[in-house]
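Same order as they appear, the protein sequences are chains A and B. Taking the numbering used here, I'd label the letters of the first sequence as residues 1 to 238. Taking the numbering used here, I'd label the letters of the second sequence as residues 1 to 824.
Certain hints may be false.
To be verified - In silico DSS-like links for lysine-lysine, alpha-carbon gap of 30 angstroms or less: (1) 450/B to 746/B; (2) 371/B to 72/A; (3) 3/B to 137/A; (4) 692/B to 628/B; (5) 72/A to 122/A; (6) 122/A to 3/B; (7) 133/B to 150/B; (8) 741/B to 450/B; (9) 122/A to 371/B; (10) 644/B to 628/B.
I should point out that these hints are in silico values taken from the structure, not numbers from a laboratory. From a predicted model like this one, the values you see are computed outputs, not experimental measurements.
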Amino acid sequence: MSNSAPFLATAGLCQVINSPNGQADQPNLRILDQVDLNIVPGESVAIIGASGSGKTTLLGMLAGLDTPSHGKVYLAGQEITALDEEGRADIRKQQVAFIFQNFQLLPSLNARENVMLPLEVKGNEDAGQRADQYLQKVGLGERGHHYPNQLSGGEQQRVAIARAFAAQAPILFADEPTGNLDSDTGNYITDLLFELNHAANTTLILVTHDPKLAARCQRTLHLQGGRIIDTAEDAANV
Amino acid sequence: MFKLAARLAWRDWRGGELQLLLVALLLAITSLTSISLFTTQVQQAMVAEGASLLAADLRLNGSAKIAPQWQQLATERNLQQAQVHSFQGMLFNDELMQLASIKAVSDQYPLKGQLQVSQQAFGIATATQQGPKSGELWLDSRLLASLDAKVGDQIDVGEATLTLTQVLISEPDQSGGFAGFAPRAMMHLNDLSATQAVQTGSRINRSWLLAGSAQQLQDLRQTVTPMLYQAQRWQTPDDANDNLSDTLERAEQFLLLAGSLTVILAGVALVLSARRYSLRQANHVALLKCLGLRPRQLRWLYLTQMLLLALAALLLSLPLAWLLYTGLLALLADYIQAPTGLPLQPFVLGGLTGLLCLLTFVMPPMLGLAKVAPAQALRQAVARSAQPISHLMIGFMATLGLVYWHSQSWLITLGLIAAIGGLLGLLWVLSRSILWLTARMRQYLGQAGKLGIANLHRRRRQNSMQMMIFALALMLLFSLLGVRNFLLSDWQQRLQSGIPNVFMLNIFGEQRDQLDMFVVSNGINNNGLNFYPMTRGRLIYPDPQALSELTRDQPGPRADRERNLTWSQNLPADNDIVAGNWWRADDTDLQVSVELDYATRYGWQLGDQLVYNVAGIEHSATITSLRKVEWGGLQPNFFLIFSKPLTDPYSTTYLASMYVAPEHRPQLSALLRAHPTISMIDVDQILKQVQKVVAQLSMAVESILLLILAAGILVLVASVQASRDERMHESAILRALGANKILIQKMLLIEYITMGIIAGLLASAGAEILLGVLQTRLFDLPLQWHWELWLLAPTSGALLIGLAGWWFNRRVVQAPPLRTLRQI
Numbered sequence: 001m002s003n004s005a006p007f008l009a010t011a012g013l014c015q016v017i018n019s020p021n022g023q024a025d026q027p028n029l030r031i032l033d034q035v036d037l038n039i040v041p042g043e044s045v046a047i048i049g050a051s052g053s054g055k056t057t058l059l060g061m062l063a064g065l066d067t068p069s070h071g072k073v074y075l076a077g078q079e080i081t082a083l084d085e086e087g088r089a090d091i092r093k094q095q096v097a098f099i100f101q102n103f104q105l106l107p108s109l110n111a112r113e114n115v116m117l118p119l120e121v122k123g124n125e126d127a128g129q130r131a132d133q134y135l136q137k138v139g140l141g142e143r144g145h146h147y148p149n150q151l152s153g154g155e156q157q158r159v160a161i162a163r164a165f166a167a168q169a170p171i172l173f174a175d176e177p178t179g180n181l182d183s184d185t186g187n188y189i190t191d192l193l194f195e196l197n198h199a200a201n202t203t204l205i206l207v208t209h210d211p212k213l214a215a216r217c218q219r220t221l222h223l224q225g226g227r228i229i230d231t232a233e234d235a236a237n238v
Numbered sequence: 001m002f003k004l005a006a007r008l009a010w011r012d013w014r015g016g017e018l019q020l021l022l023v024a025l026l027l028a029i030t031s032l033t034s035i036s037l038f039t040t041q042v043q044q045a046m047v048a049e050g051a052s053l054l055a056a057d058l059r060l061n062g063s064a065k066i067a068p069q070w071q072q073l074a075t076e077r078n079l080q081q082a083q084v085h086s087f088q089g090m091l092f093n094d095e096l097m098q099l100a101s102i103k104a105v106s107d108q109y110p111l112k113g114q115l116q117v118s119q120q121a122f123g124i125a126t127a128t129q130q131g132p133k134s135g136e137l138w139l140d141s142r143l144l145a146s147l148d149a150k151v152g153d154q155i156d157v158g159e160a161t162l163t164l165t166q167v168l169i170s171e172p173d174q175s176g177g178f179a180g181f182a183p184r185a186m187m188h189l190n191d192l193s194a195t196q197a198v199q200t201g202s203r204i205n206r207s208w209l210l211a212g213s214a215q216q217l218q219d220l221r222q223t224v225t226p227m228l229y230q231a232q233r234w235q236t237p238d239d240a241n242d243n244l245s246d247t248l249e250r251a252e253q254f255l256l257l258a259g260s261l262t263v264i265l266a267g268v269a270l271v272l273s274a275r276r277y278s279l280r281q282a283n284h285v286a287l288l289k290c291l292g293l294r295p296r297q298l299r300w301l302y303l304t305q306m307l308l309l310a311l312a313a314l315l316l317s318l319p320l321a322w323l324l325y326t327g328l329l330a331l332l333a334d335y336i337q338a339p340t341g342l343p344l345q346p347f348v349l350g351g352l353t354g355l356l357c358l359l360t361f362v363m364p365p366m367l368g369l370a371k372v373a374p375a376q377a378l379r380q381a382v383a384r385s386a387q388p389i390s391h392l393m394i395g396f397m398a399t400l401g402l403v404y405w406h407s408q409s410w411l412i413t414l415g416l417i418a419a420i421g422g423l424l425g426l427l428w429v430l431s432r433s434i435l436w437l438t439a440r441m442r443q444y445l446g447q448a449g450k451l452g453i454a455n456l457h458r459r460r461r462q463n464s465m466q467m468m469i470f471a472l473a474l475m476l477l478f479s480l481l482g483v484r485n486f487l488l489s490d491w492q493q494r495l496q497s498g499i500p501n502v503f504m505l506n507i508f509g510e511q512r513d514q515l516d517m518f519v520v521s522n523g524i525n526n527n528g529l530n531f532y533p534m535t536r537g538r539l540i541y542p543d544p545q546a547l548s549e550l551t552r553d554q555p556g557p558r559a560d561r562e563r564n565l566t567w568s569q570n571l572p573a574d575n576d577i578v579a580g581n582w583w584r585a586d587d588t589d590l591q592v593s594v595e596l597d598y599a600t601r602y603g604w605q606l607g608d609q610l611v612y613n614v615a616g617i618e619h620s621a622t623i624t625s626l627r628k629v630e631w632g633g634l635q636p637n638f639f640l641i642f643s644k645p646l647t648d649p650y651s652t653t654y655l656a657s658m659y660v661a662p663e664h665r666p667q668l669s670a671l672l673r674a675h676p677t678i679s680m681i682d683v684d685q686i687l688k689q690v691q692k693v694v695a696q697l698s699m700a701v702e703s704i705l706l707l708i709l710a711a712g713i714l715v716l717v718a719s720v721q722a723s724r725d726e727r728m729h730e731s732a733i734l735r736a737l738g739a740n741k742i743l744i745q746k747m748l749l750i751e752y753i754t755m756g757i758i759a760g761l762l763a764s765a766g767a768e769i770l771l772g773v774l775q776t777r778l779f780d781l782p783l784q785w786h787w788e789l790w791l792l793a794p795t796s797g798a799l800l801i802g803l804a805g806w807w808f809n810r811r812v813v814q815a816p817p818l819r820t821l822r823q824i
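Using the sequences and the accompanying hints, generate a full structural model.
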């Protein structure tokens, strides 16, 4: 683990869901419990754990998509938990990119327009050009005018990867990026993801339950019952 | 941000997401603007029609001279003026002479409307805008017959000799009814003094006709009124339009009602489309938030998108509305004059309504989208959200405002809103109970039936909501259809062929057989004539002076004038007894049956005594029944019908009416020559005018109904579409579990047809109530039970909703289940 200042950090992060009304005798559900972590720029970290261990919730908190019950999250030197939704939106625009398990491509937009979307939100003038360039990088240079329902699952995820890297954000959050794909396509997508990540030197936070995918990251955090129980450094990163 | 909003809007449009919303908005603006344009035009036409029946925009009637000072005041106000002097005078043609009602008119007469003239008696008419010139005389067909005159003859009017140049077929301001039944002669005002027919103390009516801007007329009226002589009265177009006012008023109310229903239907369609759009946009918004768009920016984004949509809708719908209005106008071209300028107000009204609909019906769910959590992008849930009460309240208040804005009638607004509000509650309870019942029926059904009913039952909350919308749309459509039916059937009576167009008065008892023979042998009327005994009588008790004073400001007949009285053993065919009883043949005392409105006007009730003086003898009769009379039917009708003859058989005269076909009209001259004592009233022109207007208004009502039908079907489509995503998902799961296409198709069909039938039944109940209120309160017609509604509404509900459900869900079974599941 590097000694440089952390790019992403949490302190005492908790997420508690209150028991439903009228069931005061039921205990509150603790989804995240005192999570502390530090991630330095350029680092790749996998968060693994069983279903329901709180992986996706933690990812949402780290990316500023959700707010915790207690604790703090620092991203790019700012305490994002102290910001309102408007402030967090600004941070996401400047610093963050995503890859989702269910791809989250807009069905009414073709592949090229889907890749252009974050660039247009940022107001980039060369959105189209950059989208073409990244579609080329993921091997879909000829498929830009196809709509999501005309693409296979693997192809859709490649478009999503192009969209994530085209934004050139310093940090990339990936939620089960191969979860919806067969193993061959999954391997291909994993290679592509790490290859582009290496080239761009992006900080990568990856949520998965696949140990092989986690092993590709520099560090793995094991989450169980909302707590980090073990941190393993892995040298097998690309 | 604008660029991004425009780009996203364009991509959504291309993807088909915005189309239903645009169509709903388009329909709302188009129908409202065109209906509003059309209503404005009909209203203007009504005023113009009234004006043409006055031959002016404003008229002053009385015996006193029109002071030169008043004429000066009118000139200063740029008003057009004309004068008409009417009096009774003798006409002579060689040995023959005849008393006539003579009208001396100035150059400008008529200021409004047209005169119809011909070159022969009862001949084909041509229109002219100017009356007779000095030295000319125009006579009506009856006078030509009784004076045995032809065009070109020299006729003496008092001391003056004038040349007969035209046969007068009709004049705009001819008085309807039996008051003006003396045959008409028309001459120029300049020749009046030469006739020496009018001396000091002669009975003469002097009318001052005025036309010009409403404001100037009002101003002049206010200035002149304090200087008026006794018995001088102003007359406005509203007072003159007796024959048509009822029809036009009902047509106008139908249009306003139709406009209000369109607001509601378009509002519902918009709410449904907006809700579906916003639900489908939820994931979109979550992603945009992940990409860093702020909630405020998202609100701006959607506001901009919706405003762009509104702009597109306005640009498309305003010309469309104009086209539709032009089409409607073309249908009515003969009646409604082409407008001098296109009125701006309806466009503003339609445009603003569209914008308001957008802001109140569409914007709340759109702005609510900004609250979608960005973390939703991480989950795979299908967006589902309940419509917040606040959104529904905004929509409800907006509907209330819009309906009032369009109808300008609290009766329509509150009646409609109360009916819909009450019905929604009733529909909710009923639909829940019916769903409960159908669930009990499940055991008797096949596999598809069971699944369909189970589906219906499982989603009873959404289905109840959907059924309420179906029922609401069907209810509004069938109510409007009902209103159209009773209006048209009411009007149809006036469009029947063979309605009497000629009335004959002063027929003596011994002339009846000859007349009967004449009309039968000449093929004018094969069934012979019906004769009504008639006499003139004056009211003695209660005090007619006091009654006339009491009702001075009300329009209607005066009590101190002579009235036409009749007697009969049988109740006339189109009269209904509303209070009391018709007399029996063996009753010995004198009884009288009074027309309902006439009795109400003077506060007469059953059991009251009336004393009439007929030819010097007083007759005292008890009121034993009140009748409602269909005046629009143009059949002979009487305010007062007595149970026994009021005169001896030798001095009784009779009234008869008949339909004379155009080819038989020339024979009327021979009839009049053979029976010179008979007075004939020719209402052919008036009847034709009424029939033309009624036929055209019927067509207008039908066209508007089609427009509303389109709005109603759009609501049904929007409602089916609204639940399509959920149904697709469920069907895909069922198919993945092994259900075949036919089973799912049957299941969907059963579900939608059941909903259609239930919604149809509920709509029948609702429409029955609404029609009851509208018929009795708004259109002043008797309450009626509409049994056909209870068959039509459920049948068409099942057909329409079943068909729409099947059509819009056909992709559910056509697409492979995996693709459907992936897309959701």
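Q. Where does the structure disagree with the numbered hints, that is, which hint numbers, in rising order?
A. No hint contradicted; all consistent.
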